[in-house]
Amino acid sequence: MIRIDCPWCGMRDHSEFTYGGDGTLTRPDPETATLDDWNDYVYLRDNPRGRHTELWHHTQGCRQWLSVVRDTLTHEVFEVASARPDSGGEASS
Amino acid sequence: MGRYSVFSLIRHGLSGHRHWPKVWRDPEPKPAYDAIIIGGGGHGLATAYYLAKEHGITNVAVLEKGYLGSGNVGRNTTIVRSNYMLPENAHFYEWSLKLWEGLSQDLNYNVMFSQRGVVNLAHSQPQMEAAARRGNAMRLNGVDAELLDRAQVRAMIPHLDYENERFPIYGALVQPRGGTARHDAVAWGYARGADARGVDLLQDCEVTGFLRDGERVIGVETTRGTIRAAKVAMAVAGHTGQLAAKLGLRLPIETHVLQAFVTEGIKPFIDTVVTYGAGHFYLSQSDKGGLVFGGDLDGYNSYAQRGNLPLVDEVISAGVAMMPAIARVRVVRSWGGVMDMSMDGSPIICTGPLPGFYLNCGWCYGGFKATPASGWCFAHTIAQDRPHELNAGFTLERFAQGRAIDEKGVGPVPGHH
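Residue numbers (our numbering), protein chains in the order written: chain A, 1287 to 1379; chain B, 4 to 420.
Looking at chain A on its own, in the form it has when it is part of the complex (with noise of 0.2 Å):
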């Protein structure tokens, strides 16, 4: 089991959040996007073996998007951050 420290929750299974993905992409501004944009912010991925930010959303608590930095190799939880900044839930780390 991967443990997650919700900002508002506390220490939690993962299995009560539903993952999310790549967390380091932005959506690109359909005003001014390429093709190219579009392309890498629909299918193209990092994919690191080691230290991946990535969104888990904590389906069956809080219900916050979360911004979780995480070993995809070991599983260590290395930071969990609200995925919005303005939303007032501090890091944990």
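There could be a bad hint or two in this list.
Ranges of calculated distance between the beta carbons of each label pair, as one might list FRET restraints [said to hold, decoys possible]:
| no. | chain 1 | residue 1 | chain 2 | residue 2 | range |
| --- | --- | --- | --- | --- | --- |
| 1 | A | L1311 | B | D409 | 14 to 24 Å |
| 2 | B | H283 | A | D1299 | 14 to 24 Å |
| 3 | B | G16 | A | E1362 | 52 to 62 Å |
| 4 | A | V1328 | B | H58 | 32 to 42 Å |
| 5 | B | L312 | A | G1296 | 19 to 29 Å |
| 6 | B | V413 | A | D1299 | 20 to 30 Å |
| 7 | B | H283 | A | V1328 | 20 to 30 Å |
| 8 | A | E1362 | B | L12 | 46 to 56 Å |
| 9 | A | L1311 | B | P34 | 38 to 48 Å |
| 10 | B | T226 | A | Q1346 | 43 to 53 Å |
| 11 | B | D37 | A | P1314 | 38 to 48 Å |
The hints are simulated quantities; they were obtained by calculation from the structure and are not laboratory data.
For glycine and all other residues, C-beta sits at the position ideal for the given N, C-alpha and C.
Given chain A, put chain B in place with the hints provided.
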């Protein structure tokens, strides 16, 4: 290489089986080859075999970071089928199945290919209609498919849960020519065949970097020294991301872990491969008697070749719902393999994206059954510098071009395929 036959068995039996020759050599790396293939798993070894056999290219090395077949070719549930709907997939996997049908003879190595059939259960009228549509698509593509009603399924597999009111069994789509094979034997058979044709199989030889001449890839740095080659090919599904990063490539792939399980050996219990339609679960029985089964991905990016308990619970729950009789059988082993989950669920076999480089990746769950055709098509792509008709659709550019081959129609979410 001595040919295996009943006579060689008797001859070696008379001397107590003490003098069988080594199955392949353990050569030292040469400084350069015509082609090198990174990855000594099923696909890499099959590629080397077909490069030598079909294209006469034998100055080839296969580089394996561990021992041959230590990755996903030894971590799957051994299912072979070609029940695809989209033309690119249907023709490719059907060619693979045809190669499977002659593989033991071709390799002179028993891969224990058993065409026991693959049964996909349907649990509602819409699922039956989808099954009929898929079955019709398969038959139009020249693939065998049969639609069974509930009574026919019951006659074939009497011990499914026919009393389940939430997920009643309406019928099934069956591919009679599908089945299972002995997974390790496939790697060993291809390795033996490639070695006999002069291919160097280099184990404990991890690629640590690439040699470049501008854009062009001209060789690799390995833990056993520098090796140059005019053609550098990569078949390392599961670890594609790790090596692509060394080339500065971003690919339409995420790496995820998939678990599989085997129970204690029991008497003959199920003589086909059966998959659940109301959850993700697939089951067959090995020749040793163990029930071999698997289900869904763990659901998050992972390079760890081990899984997590919540998914064990989910897979086994689905299995017991489908076939309650297995509830009392003990699971003796489970393992995890890491998958290249591509963005449309279909693989990539192509030249490039750099000069001198060839890419074979993105196999999702389906790499084992694809082994013969993957090697066959990749060898053609490397030898001719262009894809074969059978893998012409499996390009890297298809995503940007809007030509994704999305069998399930679920969109660019790797874990959903």
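Evaluated hints:
1. L1311(A) x D409(B): 14 to 24 Å: holds (20 Å)
2. H283(B) x D1299(A): 14 to 24 Å: Since the Cβ atoms of H283(B) and D1299(A) sit about 21 Å apart, the hinted range of 14 to 24 Å holds.
3. G16(B) x E1362(A): 52 to 62 Å: holds (53 Å)
4. V1328(A) x H58(B): 32 to 42 Å: Cβ of V1328(A) to Cβ of H58(B): about 37 Å, so the range 32 to 42 Å holds.
5. L312(B) x G1296(A): 19 to 29 Å: The hint (19 to 29 Å, Cβ to Cβ) holds, given that L312(B) and G1296(A) are roughly 21 Å apart.
6. V413(B) x D1299(A): 20 to 30 Å: Holds, at about 27 Å.
7. H283(B) x V1328(A): 20 to 30 Å: Hint holds: Cβ distance 25 Å, inside 20 to 30 Å.
8. E1362(A) x L12(B): 46 to 56 Å: Because 51 Å falls inside the window, the suggested range holds.
9. L1311(A) x P34(B): 38 to 48 Å: holds (42 Å)
10. T226(B) x Q1346(A): 43 to 53 Å: Holds, since T226(B) and Q1346(A) (Cβ atoms, about 45 Å apart) stay within the stated range.
11. D37(B) x P1314(A): 38 to 48 Å: Holds, at about 43 Å.
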